Every structure is written in structure tokens, then in C-alpha cells.
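Undergrad: Listed here are the chains, written in short residue letters.
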Amino acid sequence: MDILKFLTAGSVDDGKSTLIGRLLYDTDSVLADQLEAIQNANRKNDDGTVDLAILTDGLKAEREQGITIDVAYKYFQTDKRKFIIADTPGHIQYTRNMVTGASNADLAIILIDARKGVIEQTIRHSYLVSLLALKHVVVCVNKMDMVAYDEDVFEEIKASYLKLASQLNLSHITFIPVSALRGDNIVNTSVNMPWYSGKSLLEHLETVEVAEQNVNLPARFPVQWVIRPQTDELHDYRGYAGRVASGTFNIGDAVTVYPSGTKSKIAKIEVFGGELNAATQGASVTIHLQDNLDISRGDLLALSTAAPTIANRIEADICWMDTKPLDTSTMYLIQHHSKVTKCKITDILYKVNINTLEKINTHDLGLNDIGRVEIKTADELAFDPYEINKNNGGAIIIDSRTNVTVAALMLRAGV
Amino acid sequence: MDYLDQLEAEAIAILREVAGQFEKPALLFSGGKDSITLVRLAEKAFRPGKFPFPLVHIDTGHNFPETISFRDHLVQSIGEKLIIGLVQDSIDSGKAVEQKGKNASRNALQTVTLLETIEKYGFDACIGGARRDEEKARAKERIFSVRDEFGQWDPKRQRPELWNTFNGKIHKGENVRIFPISNWTELDVWNYIKRENIALPSIYFAHQREVVFRNGQYMAAADALQIDATDEVSTRMVRFRTVGDMTCTAAVESEKTDIDDIILEISQSKISERGARMDDKVSEAAMEDRKKGGYF
Ligand SMILES: Nc1nc2c(ncn2[C@@H]2O[C@H](COP(=O)(O)OP(=O)(O)O)[C@@H](O)[C@H]2O)c(=O)[nH]1
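Line order of the protein sequences matches chains A and B. Residue numbering for the first sequence follows our numbering, beginning at 1455 and increasing consecutively. Residue numbering for the second sequence follows our numbering, beginning at 164 and increasing consecutively.
Hint data in this document are derived by calculation from the structure and do not stem from the laboratory. Among the hints, a few may not be true.
DSSO-like, lysine-lysine: derived pairs with alpha carbons at most 30 angstroms apart [what the hints assert, rightly or not]:
id, chain 1, residue 1, chain 2, residue 2
1, A, K1534, A, K1570
2, A, K1778, B, K335
3, A, K1798, B, K335
4, B, K319, A, K1717
A few chain B residues that face chain A, going by a derived Cβ cut-off under 8 angstroms, partial list only [as the list claims (entries may be wrong)]:
id, residue
5, P318
6, Q321
7, W326
8, N330
9, I333
10, N346
11, F368
Here chain A is said to cover these stretches of chain B; the calculated rule only asks that three of the stretch's residues, wherever they fall, bring their Cβ under 8 angstroms from a Cβ of chain A [stated by the list, open to error]:
id, segment
12, 175-186
13, 207-214
Only a predicted model underlies this, so the values are computations on that prediction, with no experimental measurement involved. Note that CB positions come from ideal geometry on N, CA and C, so glycine has one too.
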């Protein structure tokens, strides 16, 4: 059994909270005391049934305002799979939250209100999904009960979405007509839409194949920590601890260490209480090299046959996440895996109007803005273009005065 | 990759980030299954080296004796350092005031002792075993969760946390709570304990115990609990789903004496783990308030 991480995106009132609540409720994932809490809550649906949306909103302040304002994580499982839902708000002022949620997801569910069809928000959400390079999209056309479960409505929305998707480079798109409120095609197949022969949302989530192609990507290993016990019996022990970002490392593989460029071979791959012949994407291991090199936290081991991009001038897409706007004269920190170095964002090439996808010339980037920038870093970074290998192509910007994470970067190319 | 391998690898990576990013981290050890799991994960992250942090136990003085002896035994067998912060010391020095009345508990006072301990040793990161599935307020908490000088959590000012990139940069006086098993569920923890053959304090398994029926739940009839003549005391087969302070950790009736039975019981159970903790029942948002106040 594996884990599927997915994100839900929709505009306010499209029924996102109800949909998640429905998934949890119909899979029997709501526990008695939680159920009791929602039954006792003041908020009810118009027809007096419990409001499943309450299951997904957490914080008091949010409850008062009646909106979800941060990424909340929800967990449930079926016999086939475990699921982690990143529930993110859909409003434009929370773009950064959606970007955050999308950064760790394998799949995105995009909600469309059947009465409204593809609207500005749909464009924005789909753009972000493509920006963060999510490979799988499920479009749920919700509130089908309010359009008399009409097939034509569904088909029209599908056609207009496909047009949008072709502009955005989105692939693997699945369309499902649903009613989150009534439960049609969420967990159980709907009797109200006999014209739909596809899977229910849950069936799709249980079976969709997302096993990352990362195993076939060039091997990358960011060093997090050097294990050196320096005891008598382990005097010469020197292990490089980290997690394989992409690809596979085998014993005997020739590797290059970045940024130094020194080369060696893998002598041993250790885990607690044992050794492995190979370590693939996602595994936390300790690697030993044949030669005694000077390697420390922040360095990257890469297979010598497939070098990453090495650069200190980099073009990247950026999502600005701080209330204080981007300042091209400020020195920031950039963190790429465990590597932290100083940087300046030297140039704003353009900003994207994420509702229309139009590129705009600008000198300003503020909270929730997305654009293309050029960065100059103090030390060189060893990265891969984000769209090819997102596990070695994402980075964050930290404001060294406040220590806050102020931007997400999708690194594209050295310049 | 199997889900337990995925969760394990993620937790190990988080622990190594703590080691790499902080000067003086600590692992908050409660003696419960979640922190015992963290100890195993730390072994996986750092052996054959030593842990780059001590274990820190905030002891209310009302712990189950089984938990304390388990703790001491574990610390000895792994050969790591243990620091104990005593709530009694905070009470004696006047920094904390003991609650009165029937439902009195030292649970809330742990916050005071924890903050005192953090200050005394200058810890800049505290690793905890909290999980997002435990409670609604936790569902939005980051894996690296920054606290101000007063230990407070501000849900509105959390840092965006992208990919597996963790920003642990802080100002002097601030510290970060780190939750390596954020993405685990209660059942995941139990399945991992089984797979890894990890030993637990005996109170997790069914045993005969004197209990008091109070507020709809069975509480251990311990010295720390004020018991009146009107209280209904009985001896029952029970076990505990969490190992907190004896004054606020309720028992569930159970015949389950081995881990397979417990896993089965939990997967069929309809009460969430925190439902067995009285201190969270006080108000719907109790946990959130305590987090803002600097509790774990
Ligand atoms: N008729 C109908 N109403 C729905 C459906 N899904 C959600 N709603 C209602 O739409 C409103 C907004 O839903 P909510 O889940 O809170 O939306 P969110 O803002 O996207 O989380 C609520 O009144 C829901 O009861 C649906 O499939 N059919």
C-alpha cells in the first residue's frame, strides 16, 4: 500500500469543504467523537443535515469568518491506499497557500461549479497546478444536482476546460460529474447520472498510477548531515546522511560532488542495522565513498554520467509570499535542499496575470504575485530544471532580516 | 515504496535537518508511544553516531510509574542523555500555581516548566511527537513550527513550507517546534511499532486496574486524583491509548493484551485518540488555545 498526496482547489462556495467532508464521511473515516462534534455544531445545512464542511476547517478565527485560510492536512485510508489531502483556500489572496499545498502533492482536484463553468478562478488554479508541475489533474464538476444532472452541461464544461488545459501543458486530465452535497460519484457511483460510465472520484484516486517517474531521472543526493562518531572503534567512519531526491544510486556508481566537482565511487549504502545494494528516490540512507573527500552539509552527490546544471545566475519562476514586496536591491538567502547561500533577485523579467495568463512588464512583485526573475547567487547551485526534475528544481527565498520564507522558486535554467 | 517506508524516510530526513540547522536541539520525550517512536527514528537517522540532542522529559510528578521506569530503562539502553524538567520545581518556585478541585490537573502547568527548561538550556529547537491527525488545530501546523520568546504559536503567521525544504532560521530567543511524524496517523504509529518490534510501557496493554468513573470516562485511581466518597471506584480490565498525566488520561475498557489485537481494535474504533484526553474536551478549541500559549 502506498500514499497518494492530493490537493483540492476551488473558489469559495464551489463545495470544496463539502467534497472533502463527503470523502471522509462516506469512507467511514469520521470518528464518533468528531461526528458528535459536528452534530452538536450550530452550523447545519439548509435541509437540517449535518454540514460536512465543518470536518475540514480548523482554527477558531477561521470558523468565525467561515472560510479556510491556510493549508490544512487531512488523512484517511481505504483498503487500497492511504491519502493525504492538502486542503487549500481558493481565493486569489491565498495563492501562496495553494502553491504551498501543491508543492507536495501528486495530484490536484479542481472543482468547478456546474452552474458557473470554467471561470477566472479555474484558470488561476489550473495555472498554478501546471506551474508546480503536478502531473495529474481531476476536474470535478460539482453541484450537478442543481443542473438536473444534465449531461450536456458536463460535456460543455469538459470541452472548455480541455481548451484551457492545452494552453497550460496539463496532461492526464480526468473529468467526473459530482454532487458533493448529495454524494453522487464521490465514493459511490451515482444513480442520477447513468450517462456517466467512468469511475467515482474515490475509485479514481485509489487506482490512479502516480509512481513518480523520478526513479528514472538522474540520481541526486543532497547531503544533510555527516556522521562521524570519532570513537576508537569507528575512528575512520565517515558517512553522508541524506535522502535520495531522484533516481537510483548503486554501489560502485561513479559520483561527482557539487559544488567542488570532485569525483569518487560509492563504497557502501547504509541504513540502520543493515546495508543496501541500491537506494532509490525517497529513501533516507547513509552513503560512504571510496575516497576521503571534504564533503559537508549542503553539498550534492550526483551520478557522474548525468551532471546537473551548475550556475550562479539563474532564471526562475517565482511566487512571492510576503506582504513586503520583492526588492531587487536587497540581499536575500536562497535555500535549495540543505544548501543555503546569499542571493539577489537582480531582474524581474515579467509578471503573469494568473487570471488571464497574460505576461506583464513590471518592476514590482508583491504578495501572491507570480513572475519570472533572474537571480544571482553567492555560491553556485547544482540543480535541474524544475519542469524536468521537481525534486531538484525547487528552492525558497528567505528574508534574512525577518527569517521568514518570502518566496518559492521554480528554477528553470542557468543564464 | 510501502507507506511505512515513505513515512519513515520523511521523518528521518526531518530529524537530520534539525541536526543540520540548529545549535541546541532537544527531543521532547513524554514516555508515550509517539516519542518512543521518535527515539527509534533518531537511531535510524544518526547511528552509529550519537544523537545530536538530549531527550527532555517534562515530568508532572503525576506520571504513571510504569512510564517512568520505562523511560529510565530506555535511556540507559540507548546510551543517550536525559534532562528532566520537574513541574514540582516550577510550583515550588512560584512560577506555576497548582490547580484546585476535583478535576485539578498539572497538565497545563507543563507549559511553564517546558518554557523554563528551554530557557535554562537555551534550546533552539524542540522535537515533538505530535501528529496532524490528532486534532483539528494541529492539521494546519507546519513541520517546522516557529514559536516566539513566550513559546506562543501564531496560526496566522506560519511560514509557508514548500517541498521538503525546511526553513529553521530564527532570531535569538525564538525556538522551533519540530514534528517529524506530522503525517503519520495513530494507526501508522502502531503499525510501525509492530514492524520495528519497539517496546512500550505496559499500560498500553490491557491490565487490571482500579479506576474511577468520572465525566463519562474511567480514570486511574491514583494518589494524584482527588477521590471522594461519592466516586464510583472499581477494578476493571483497561488500557490507555495515550500516556499523559494520570489526572487527565482516561482508560478504555479493553481485553487486548498484544499489539495485533490493539491494531485491530484501533482500526475498528470510533473514538479518536484525543477523545480519551479530558483536557482537550474542556472546549472545542482547547488545544488551539494551549498551543498559542506554548504547550507542545
Ligand atoms: N446543491 C448543492 N450544494 C452544494 C454542493 N456542494 C456544496 N454545496 C453547498 O455549497 C455551499 C458551499 O460549500 P462549501 O463546501 O462550504 O464550499 P467551499 O467554500 O468551496 O469549501 C454550501 O452551502 C454547501 O452545502 C452540491 O454538490 N450540491
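Undergrad: When the nearest CB of chain A is found for I333/B, is that gap smaller than 8 angstroms?
TA: holds, 6 angstroms
Undergrad: Counting residues of the segment 175-186 of chain B that have a beta-carbon nearer than 8 angstroms to any beta-carbon of chain A, does the count reach 3?
TA: Our answer is that it holds, as 6 residues pass the Cβ test (under 8 angstroms) against chain A, meeting three.
Undergrad: Given W326/B as an interface hint, is its Cβ closer than 8 angstroms to any Cβ of chain A?
TA: Cβ of W326/B sits 5 angstroms from chain A, so the hint holds.
Undergrad: Compare the distance between the alpha carbons of K1778/A and K335/B with 30 angstroms, and conclude whether the hinted pair is satisfied.
TA: Within the cut-off at roughly 22 angstroms; holds.
Undergrad: Taking the least C-beta to C-beta distance, is Q321/B closer than 8 angstroms to chain A?
TA: Nearest chain A Cβ about 7 angstroms off; hint holds.
Undergrad: Quick check on N330/B please, does its C-beta sit within 8 angstroms of some C-beta on chain A?
TA: Constraint on N330/B satisfied, holds at 5 angstroms.
Undergrad: For the pair supplied as a hint, K1798/A and K335/B, confirm whether the alpha-carbon distance does not exceed 30 angstroms.
TA: holds, 25 angstroms
Undergrad: A closest beta-carbon separation below 8 angstroms is what the hint needs, so does F368/B meet it against chain A?
TA: The hint is violated - F368/B has no Cβ within 8 angstroms of chain A, the shortest such distance being about 22 angstroms.
Undergrad: Within the segment 207-214 of chain B, is the number of residues with a Cβ closer than 8 angstroms to a Cβ of chain A three or more?
TA: holds (count 7)
Undergrad: Under the criterion that the straight-line Cα-Cα distance not exceed 30 angstroms, is the pair K1534/A, K1570/A satisfied?
TA: Not satisfied, since the Cα-Cα distance of roughly 34 angstroms exceeds 30 angstroms.
Undergrad: Given the hint that K319/B pairs with K1717/A, does the C-alpha gap stay at or below 30 angstroms?
TA: Violated, at about 46 angstroms.
Undergrad: Given P318/B was flagged as interface, is its beta-carbon under 8 angstroms from a beta-carbon of chain A?
TA: Status holds, d = 5 angstroms.
In summary, the structure is inconsistent with hints 1, 4, 11 from the numbered list given earlier, while agreeing with the others.
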